[in-house]
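Asks: Each chain is listed here by its residues.
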Amino acid sequence: MMTVSNLSSANTSNSPPYLRISRLTKKFGEFVALNDISLDVSQGEFVCFLGPSGCGKTTFLRAIAGLDIQTSGTVHQADRDISALPPSERDFGIVFQSYALFPNLTVEANVAFGLENQKKSRIEIKKRVNELLELVGLPEQEKKYPSQLSGGQQQRIALARALATSPGLLLLDEPLSALDAKVRTYLRREVKALQRKLGVTTIMVTHDQEEALTMADRIVVMNAGTIDQVGTPMGIYREPESLFVADFIGTMNHVDGQAVSAESVRLGSLTLACRRHDIPPGKPAVLAIRPEDILPVDDVADAGTPTDNRFKATVREMEFLGSFWRIHLVDKQLGDSHLIADLSVNAALRMDTAVGQKMAIKLPPDRLYVFNPSTGR
Amino acid sequence: MPPAPIIRPKTSKDDKLMAGFMIVIALYLVVALAFPLYAMLSKSFKTASFDLKKYEFQVNKGDGWGPVVSAFEINQTLHVLKPEDLVTSADGRLYATIFFPDFSFRSKTKYRFRQLDPNSSFIDGTRQITDNDWHTYTAKEFRRIILRPSQSIGLGNYITYFSTPALFRSIKNSLFISILTTLITVSLAFGFAYALNRSTMRFKGIFRIIAMIPILIPSLLPGIALVYLFGNQGMLKGLLFGADIYGPIGIVVGAVFFTFPHALIIITTALAISDARLYEAAISLRASAWRTFWTVTIPGARYGLISASFVVFNLVITDFGLPKVIGGQYNMLAVDIYKQVIGQQNFEMGAVVSVVLLVPAMMAFSLDRYVQKKQIAQLSSRSVPYEPKPNRRFDAICLSYCSLMGVFIVGLLLVCQYAALIKLWPYNLHLSLANYNFDVMDGGGWRAYINSIRLGLLTALVGTVVVFSGAYMVEKINGFRVLRTGFQFLAMLPMAIPGMVLGLSYIFFFNNPANPLSPIYGTMVILVVCTVTHFYTVSHLTAITALKQMDREFEAVASSLKQPFYKLLAKVTVPVCMPAILDISIYLFVNAMTTVSAVIFLYSPDTALASVAVMNMDDAGDIAPAAAMGMMIFYTNVAARLIHLFVTRGLTKRTQAWRKR
Ligand SMILES: Nc1ncnc2c1ncn2[C@@H]1O[C@H](COP(=O)(O)OP(=O)(O)OP(=O)(O)O)[C@@H](O)[C@H]1O
Ligand SMILES: [Mg+2]
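Protein sequences appear in the order of chains A and B. The first sequence maps to residues 1 to 377 in this note's numbering. The second sequence maps to residues 378 to 1038 in this note's numbering.
Worth flagging that the hints you see were computed from the coordinates, not collected in a lab. What you are looking at is a predicted structure, and each value in this text was computed from that prediction instead of being measured. It is possible that part of the hints are untrue.
Heads up, simulated DSSO-like pairs for lysine-lysine below, C-alpha to C-alpha not over 30 Å straight-line [stated by the list, open to error]:
1. B:Lys944 to A:Lys120
2. B:Lys716 to B:Lys549
3. A:Lys126 to B:Lys1030
4. B:Lys438 to B:Lys517
5. A:Lys126 to B:Lys517
Isolated chain A, as found in the complex (with noise of 0.2 Å):
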């Protein structure tokens, strides 16, 4: 089992954890659906749950809002056991999908819903309403109903109203998926600027990286039940645990090779010098390294054991994608495998890339992770 709180090592000072997740599981009928997961949130901290469709992203965030409580393990938030706790006696506030605004509801109405039998005057609803609309940015629409708006504004209407009774954590369900990209965008700019002004925890569930990645403090990697890591944006990108994280967040290459000692690795004919890792000398290994991290290099010899990890492979294929070449490379040193690898478009130019050309280039050890493909750690 992964500990969490060694990892988490950016946010976490010495206060306890506002969120403390411990050995979750959730079992619908015989299939697990949340494996025994544990994770710790800071105060103020903006963590996103990712992962492919089905990891149970969902089902962990729902177990956190108490609306479908786990089988077993704790849940404390604020050093009060919620556990067992139903929604309504947890503090939170949450934004589906799809949005859930009640349909025949004004704005304003919608808005205030958690407001009203709180012993609050009619003039301070309103005002609450007025200060929550100003804040989302959409002042002045509080006579429209829902289906009058578009759906940006539908979801910043949704996150006012989770707002409205200032609860201490707030749970957001894929709130930006249902917009189209450039609504998208914009909208993970405004609302991560809206929680840090806040400092209010949040936990989002995504299934979009770039989401994730933009977003949050930390982000949490789900899979098929389990965390494989936790981490900052950049941690989880430039670090990854796990060939399942390696290949889901960005883009990856992904070949198979041999294990020759604790630094390095055989692919193909090459022996090339790479991460420590712990696969005995002779055992299968995978090798991984990120298209943007294979350096073109000028000065090579033609062919021989490569020195310092540099070799030259033959361009079979260049897609132009705006701001670089990806270039796909085989060569016969490497055997079946290929590779591929992004270079800017100037230095594409500068090298004067052509497909069939050869090209020189360097994969720098640090940057070459190695996995057990038997538990792909």
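Based on these hints, arrange chain B with the ligands on the given structure of chain A.
Replies: Just chain B with the ligands now, with coordinates in the frame of chain A:
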């Protein structure tokens, strides 16, 4: 590592409250449905018979007591009772003197008598004697000795039923009529639906309205119209070429009339969801129209056709009003129940026939549910609606066909109206309103009409509240799986229970002095309870469908905002579901106005109903007033539907701002 602690979720206040409500409504269904059915079922297994070996006599003609003889021995020589005379009901009585043909109460003969069944008794003048000892009587006293049957639990009633041809023949009759009607109605309705859906003929709106007329009138009204048309003094009697309208012909024609709209609604829906892309494919493959019809249209609508068949079958086999009015000597199960209970006071046999009727009704119901589930699965796949293109010849055929059906439906209704308005068919054809002067007739008079409206309104009000609350709780509560499953079952059950069976069960359950609820027997309350229960299922399904269309997360949002469910219910759920709620209330009202079968056993002189009055006046030979009362029900239902239409329209207009469509 030790396993993590298992969490027992704490039930929220809302869920506790909802469970409470749900239990109350479930209890209602148990009391209004499960208990009465149980009472009926157990009644059907209660047999009462005279076991002659258990009665013993001794006679003293002045020369000392003779030998002990049993009634059985006497009957062996005298044959005063045939075997079928021995089977009786719980109230069966037998005079002891029938075993003594030369009995005279003036004689000096003395008699001794005892009965040996520890659970039985006999009546000695006015006393009920339960012991098994000898009692001595003078002839004067002896003539007042009444033997009571032994009661036991067993299949006796069923054995009697199935060994009495006059009774079990009804099974064959009922099945025959129901299947025949099903075939005819479904074919006719399919043609009508096809014309509405696939042609560009004119007057579609009018045809749609006309086709719904039969829903608004009691099922016995077409029977009355047929009597006027083809009865002994019928206007068109000649057209029958000597055949008799009283019997299968009349029942089938009338049944086709009243089941037509039900089949049409289902088949229209089925045709409307079939996919236009399949037709385009068929055209591009140059399939003939005939081939396309059999390979695309029929398979596409098959679930609708099957479902419509079961619904029609069920309506016909459980209907009571129509065969009562026009069945003549042709016995059907539903009428048998009535005859056994009202005519012969044989409640046990009524219960047996009810159980017999339950079998096909339950089967048709469960098969229909099964098929409908499949149709829903078919529905969820996205399809492109079919757009008919003008085709002169086809449109003309469709128009003529629909007109023909329209004439049939409107024709029968007009005949009723005509019958209601003329003074005395066929002798005095002057128009008058005399037949509407119900107060001079048997059947309850105008009071019955007012009662019906009261019943309709109360049923609509109480029923809508109960049904919608129940559906809301069962749909939205968290946890309580067993309770929910049980509730769903109870809510579906009424549809499988024929009205006659429900009504009879109510007699057994509520007309029992030991039942603390018995005071409601004979009041408006029991009529409302019975009607709400009878029409529960369709209303429940309507409510569930509406609730399912709401965002599933509303409750989650409300609870995260710490707002109780009833606030959400009042401010959001009810307003959003208002069209469905109005649909439920009009459905309940119209059915309460027209139903006969469920209430026929339950009304009292104070609570006579219009629909029952139609039947009773017809029974008494006052056919014209019966038609007039039937028409009153029709006008009322039309008015109710119009009000419903305006309210719904107004509501849609007011809520247009937030409704997308
Ligand atoms: N009520 C339920 N009953 C049975 N299985 C369920 C239930 N809810 C979820 N599951 C299963 O649990 C697994 C995780 O579901 P969950 O909804 O948490 O996935 P997710 O990560 O949110 O996926 P997505 O990105 O598609 O929303 C899935 O395999 C799903 O089929
Ligand atoms: Mg999800």
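Asks: Against each hint, give a clear statement of whether it holds in the structure.
Replies: Hint check results:
1. B:Lys944 to A:Lys120: holds (17 Å)
2. B:Lys716 to B:Lys549: Distance ~18 Å between Lys716 (chain B) and Lys549 (chain B) Cα, so the pair holds.
3. A:Lys126 to B:Lys1030: holds (28 Å)
4. B:Lys438 to B:Lys517: holds (14 Å)
5. A:Lys126 to B:Lys517: violated (95 Å)
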